[in-house]
Amino acid sequence: ENKFGVYGIRALVLTPTRELAAQVEESVRTYGKYLQLKSAVIFGGVGMNPQISQLKTGVDILVATPGRLLDLQQQGFLDLSTVQVLVLDEADRMLDMGFIHDVKKVLALVPQQKQSLLFSATFSDEIRELANNLLRNPKSIQVTPSNTTVQRITQVVHPVGRGKKKALLAHIIQENNWSQVLVFTRTKFGANNVADFLIKQGITAMALHGNKSQTARTQALAGFKSGDIRALVATDIAARGIDIDDLPHVVNYEIPNISEDYVHRIGRTGRAGASGEAISLVSLDEEGFMRDIESFTRQSIPVQVVEGFGPEPGEQAEPIAMGRQTLWGGLGKPPSREVMAAAAKAARSEMMERIREKKAVSPGRGPKPGGRGPRPNANPSQAPRERVLDENGEPVFLRPEAGPGSDRDMPHAPRNNGPRRRNRNRSRGNGGGSGGGQNFEGVPRDDGDRGRSEDRDDDFQPRANARQVGVISVKVHDGENMAAAEDAIRSLMRQRHRVAANEPDSVSIRNLSDIQATRDASARTLSALLASVAAVSLLVGGIGVMNIMLVSVTERTREIGLRLAIGARRRDVLAQFLLEAVMLALLGGAAGVLAGMVL
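Take the sequence shown: its letters are residues 1 to 599, numbered as in the numbering used here.
To be clear, the hints were calculated from the coordinates, so they are not data collected in a lab. Any given hint might turn out to be false.
[Unchecked claim] Taking lysine to aspartate or glutamate pairs in the EDC-like style, the calculated list, with each CA pair at most 16 Å apart, reads:
| # | residue 1 | residue 2 |
| --- | --- | --- |
| 1 | Lys164 | Glu307 |
| 2 | Lys38 | Asp60 |
| 3 | Lys165 | Glu357 |
| 4 | Lys105 | Asp60 |
| 5 | Lys165 | Glu315 |
| 6 | Lys333 | Glu277 |
| 7 | Lys114 | Asp60 |
| 8 | Lys104 | Asp71 |
| 9 | Lys164 | Glu315 |
| 10 | Lys225 | Asp196 |
[To be verified] Derived CB-CB ranges, DEER-like:
| # | residue 1 | residue 2 | range |
| --- | --- | --- | --- |
| 11 | Gly76 | Ser522 | 39 to 45 Å |
| 12 | Gln36 | Asp196 | 46 to 52 Å |
| 13 | Ala342 | Val305 | 27 to 33 Å |
Just so you know, even glycine gets a beta-carbon here, dropped at the ideal spot from N, CA and C.
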């Protein structure tokens, strides 16, 4: 029994992804259908309470991802002291995803006397080093030759020109009438982009990657297995754990820059003796990656050109931007750093442009059907006004016109009793004060509308009943705008302090020159105070040094007298005394020079 009073966990299986964990646990239940064994699976993205309840009833075989496993253990809901068998599945992907530190933490929680099993489709030098570090005298069992692909998988390469990949992919799916195809991309953005394009071409498709919620990922896999979704576009990490019987087709839309990933990708088809087809769409930018894959798998992959989709004459390889990383996958020597940086910048600009286009065509947050529409502005004076710039291009304040709805005629500005939402990061980057309540023009923001800052107009004017927070900062370029700035600040102070408009201002606004003079006087006072403190410190230190020197001279004089009394040579004694006196004098002079420099 474990510390919870129930029988403890006997076998622990660690997997890198949620889908793989669910697949392994399903297999455990299938194989142990007629055995008295209870199994459970825990991973992130879903609620903890059902998992905790299942653990408290007792589990024989636990399948888990490292992150959620450590979370439950640290909260005291998991006891691993009874584990007898530890299994690390897809060890190479765990190493790539940075789970090695979590795995070491788990090893520290399980007993030393246990059986450890490590499984991997590819065995690189890093995996062997990991096995030697985590396991004791491990035995290696190799079912197939290292880093080879299944012979029943038909592999083919289609050269493709720049900008033609998506069209070629749709052409292949529709021309061959494929009902089930798994498409691989390098990035999450690429997966979304390809899935959207296929949908526009009339092909049911969904993207599968780490940014998707667990519910969306489960629905995508279920739809793909049932045949409702023809094309599942996935990244390498998300595709781990996809186990579909008789998956006929796999397409490498983008060639992986890591050769091991190619083996994992095409390994989704041709399973359990079935046949499969793996197609790679290779551009000139990826020919180097493909050559590395052929060298890694020790085979030559046939090339078939699809008419109308090949590279154009004179087309050359370009760097590949992958997030913040720029890769060179073409043949030959990579270009200079400047060219690589320019390619990365251009790719990021293209990605941002696509995101903006997608947002532009997507429906906004307009009023609900049947709703009353936007609320009318009760105060006409608060309507958005045209922004006025000075000769330097800086926004300036305009003197507000007093009207019946202006804050001048509002005796008491009511507080904004809306819900308060804390946002500690909003003040960063906006030039705001401690409260972070102003935009780049120095006009305080309406904190009652924090949730839609990206939709707010730059010329936003604060409402009279807004709850103002933070430091008020106004740029004044000439004397003419000073009065308008003072009026604006007084208005905001009335709102903050709830001062009646007909009462005198509770805070007077001084001239900028007076403020600068006050700052200068404060600076001079502070400098004088620091100089006084330094002088006193040097004086005290000098007295201490003189005292030490006096004591030292007295002691040395007494020592000289004793040495002369016992018959020491007078010349040697006097020479030593003079040498020490010169050294003390130099030390005192250096201290004086240092004190003068400080003062």
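These are the hints, each one checked on the structure:
The suggested pairing of Lys164 with Glu307 holds, with an alpha-carbon distance near 12 Å, which does not exceed 16 Å. As the CA atoms of Lys38 and Asp60 are separated by approximately 5 Å, the hinted pair is consistent with the 16 Å bound. Between Lys165 and Glu357 the CA atoms are separated by roughly 20 Å; this puts the pair beyond 16 Å, and the hint is violated. At most 16 Å may separate the alpha-carbon atoms for a hinted pair to count; Lys105 and Asp60 exceed this at roughly 21 Å.
Restraint check for Lys165 and Glu315: satisfied, since their Cα atoms lie roughly 15 Å apart, inside the 16 Å limit. Between the alpha carbons of Lys333 and Glu277 the distance comes to roughly 32 Å, so the proposed pair goes past 16 Å and is violated. Straight-line distance between C-alpha atoms of Lys114 and Asp60 comes to about 15 Å, which keeps the hinted pair within the 16 Å bound. Annotation: proposed proximity of Lys104 to Asp71 holds, straight-line Cα distance about 15 Å (limit 16 Å).
Under the criterion of a C-alpha separation no larger than 16 Å, the hint pairing Lys164 with Glu315 is consistent with the structure, at around 13 Å. With a CA separation close to 20 Å, the supplied pair Lys225 and Asp196 exceeds the 16 Å bound. At about 55 Å, the CB distance of Gly76 to Ser522 disagrees with the hint of 39 to 45 Å. Here the CB-CB span from Gln36 to Asp196 is close to 49 Å, well matched to the stated 46 to 52 Å.
The hinted range of 27 to 33 Å is satisfied by Ala342 and Val305, whose Cβ atoms lie roughly 30 Å apart.
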